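Trainee: Here is how the chains run, residue by residue.
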Amino acid sequence: MNGVQISVDQWVLWQSDVWPMVKLNATIVFTWCVMALLAIGSWWVTRRLSTDTTVPKFQNVLEVIVGGMRDQIREVSGRDPGQYLAFVGTLFLFICVANLLSIVPGYQPPTASLSTTAALATCVFIAVPIYGIAVQGPRAYLQHYLRPTLLMLPFNIIGEFSRTLALAVRLYGNMMSGTVIAAILIGFVPLFVPILMQVLGLLTGLIQAYIFAVLAMVYIASATTVYHQREPTSKAADAEPNENSQGYRIAGEHHE
Amino acid sequence: MSIDWFTFIAQIINFLILVGLLRWLLYGPIIAAMNQREAKISQRWNEAQGKLAEAEQTVALYQQQQTEFQQQRDAMLQDARREADEHRERLTREARDDVELKRNQWLDGLKREQAESADEVREQFGEMAMHSARHTLMELADADLETRVVEKFINRIKQIDGARRDEIRTLLTDEATQVRIRSAFELPGDVRDRLSAVVRETLGYQGDIAYQQSTELICGIQLDAGGYSIQWNVDDFVRGINADFATRLGRDT
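Residue numbers (our numbering), protein chains in the order written: chain A, 1 to 256; chain B, 1 to 253.
Hints were generated in silico from the structure; no laboratory data involved. Some hints could be false.
On the chain A side, residues computed to face chain B include the following (Cβ under 7 Å) [said to hold, decoys possible]:
#1 D9
#2 M21
#3 T27
#4 T31
#5 W43
#6 T46
#7 Q83
#8 A86
#9 T90
#10 F94
#11 L114
#12 A118
#13 A119
#14 C123
Listed next, the stretches of chain A that the computed footprint assigns to chain B, with coverage defined by at least 3 CB atoms under 8 Å from CB atoms of chain B [claimed, not checked]:
#15 35-42
#16 58-69
Predicted, not measured: the structure shown is a model, and the values here were computed from it. Where a beta carbon is used, it is the ideal one built from N, C-alpha and C, also for glycine.
Sequences and hints are given; from them, build the entire structure.
Mentor: Spelled out as structure tokens, the structure:
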């Protein structure tokens, strides 16, 4: 890698001669490293799980992490976290570990690649209608693009794309900027200041992982919200409709 | 700032693989372990609650038994105290009755002894008085005491008041009625004649008069006629003195 590279995608380790498009860049390799770390670490801790009241410390750490993610999902969505934990939790863990490993010399976070963040945002973009249709059914889910009026249909569709784009660019921008700024500062002030920037980068990476996961959960929760048309209680209510005449209900809970 | 589409697709696939891996290796086992632990803790909690309830029930049972035991003990103590009081009262009453009975027996014995002593004293006193009077009369008057007794008896017959004398006279008109004169000493013949004469004169009796000697009379003489009697003897004085003596003796005791 010569000089400051804007994207880690350009750090190509291997490229096919037959299909030049197929190449093994640093993004994919570091992603595999993160995946291996997560998978092997999980396997190593969970191979001997204790169900007694005394818990090994690594199991305790994983239980705290998984329990915290479940609580966060329950808090944000207001429903059981069981079917969302695998998707949202993996988003958080992957981004978090990928960002925190930037402390390792020579490592480039895959999240500093727009390809990676766009891929993750695309996963969210696809997961939202899947969850929405699974909970509400296709008709009810598609109808929410028409709310409050038919005129809002294009804006709703644009909103879907724009928020996906925002997800991708927000994470990419934060991580790429941290990497680039650190590389630039090493050229100007080689001592101490890059360390502070590294610490700031760790904090930023953690926060971005949290934001990405929580936003994904918020999108999924809004897509799985079940709308209910309230029955008019009297003629007066029909004559003077107000904003309380409509409400929405989240499965298992009732909000107005 | 461009997207490498091969990397893009590869990252989507990588992410989906990671979701599967973590679901298999992390979330499933960890959540299962947490649920099992929660179930164990819940089971232990329920068992502890059950044992606690059982312990509280046992404590309540023991407290109830203790209360019942205390009540039974109090009741038994009360019964025992009441029976002891009744027994003591019965014993006291029996002892008092025994004492009263013995006291009465003792008093009866004492009275009997007093009476016997009084009789004995009276007899001795009478004898002493008679002996003393006889001796005194013989010494002072130089006369026979028996003669003086007879004289005194004759005076008493003569001094009977009119109403009584009439009753005796009326009684003696019946021939079946007999006059009998008893004396503590042997009356000489002339004395008997004199007595017979006085009786006939005073009481108008014409029949035979029977004379008897009786040791019961102490230095005295007595006339019996159909239920009436006229007498003079030392025994009257002795009885009077003896009664006074017995009265004083009883008061002193």
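Trainee: Go through the hint on C123/A and say holds or violated, using the shortest Cβ distance to chain B against 7 Å.
Mentor: Check passed: Cβ of C123/A comes within 6 Å of chain B, closer than 7 Å.
Trainee: Answer holds if the nearest beta-carbon of chain B is closer than 7 Å to that of L114/A; otherwise answer violated.
Mentor: holds, 5 Å
Trainee: Would you check chain B against the stretch 58-69 of chain A, counting CB to CB pairs closer than 8 Å, and say if three or more residues qualify?
Mentor: It holds: at least three residues are needed, and the stretch 58-69 of chain A offers 5 whose Cβ sits within less than 8 Å of chain B.
Trainee: Under 7 Å is the threshold here; is the Cβ of W43/A close enough to any Cβ of chain B for the hint to stand?
Mentor: W43/A check passes; min Cβ-Cβ to chain B is 5 Å, inside 7 Å.
Trainee: Under 7 Å is the threshold here; is the Cβ of A118/A close enough to any Cβ of chain B for the hint to stand?
Mentor: holds, 6 Å
Trainee: Holds or violated: is there a CB of chain B closer than 7 Å to the CB of F94/A?
Mentor: holds, 6 Å
Trainee: Three residues or more, CB to CB closer than 8 Å: is that satisfied between the stretch 35-42 of chain A and chain B?
Mentor: holds (count 4)
Trainee: Quick check on the hint: A86/A CB to chain B CB, less than 7 Å?
Mentor: A86/A check passes; min Cβ-Cβ to chain B is 4 Å, inside 7 Å.
Trainee: Given A119/A as an interface hint, is the shortest Cβ-Cβ distance to chain B below 7 Å?
Mentor: With a closest approach of 4 Å, the A119/A hint holds.
Trainee: Does T90/A pass the interface hint, meaning its C-beta sits closer than 7 Å to a C-beta of chain B?
Mentor: With Cβ-Cβ at 5 Å, under 7 Å, it holds.
Trainee: Regarding the hint that Q83/A lies at the interface with chain B, is the smallest CB-CB distance below 7 Å?
Mentor: violated, 11 Å
Trainee: For the hint on D9/A, just tell me whether its beta-carbon gets within less than 7 Å of chain B.
Mentor: At about 4 Å, which falls below the 7 Å cut-off, the nearest Cβ of chain B leaves the hint on D9/A intact, so it holds.
In terms of the numbered hints stated before, the structure departs from hint 7 and from no other.
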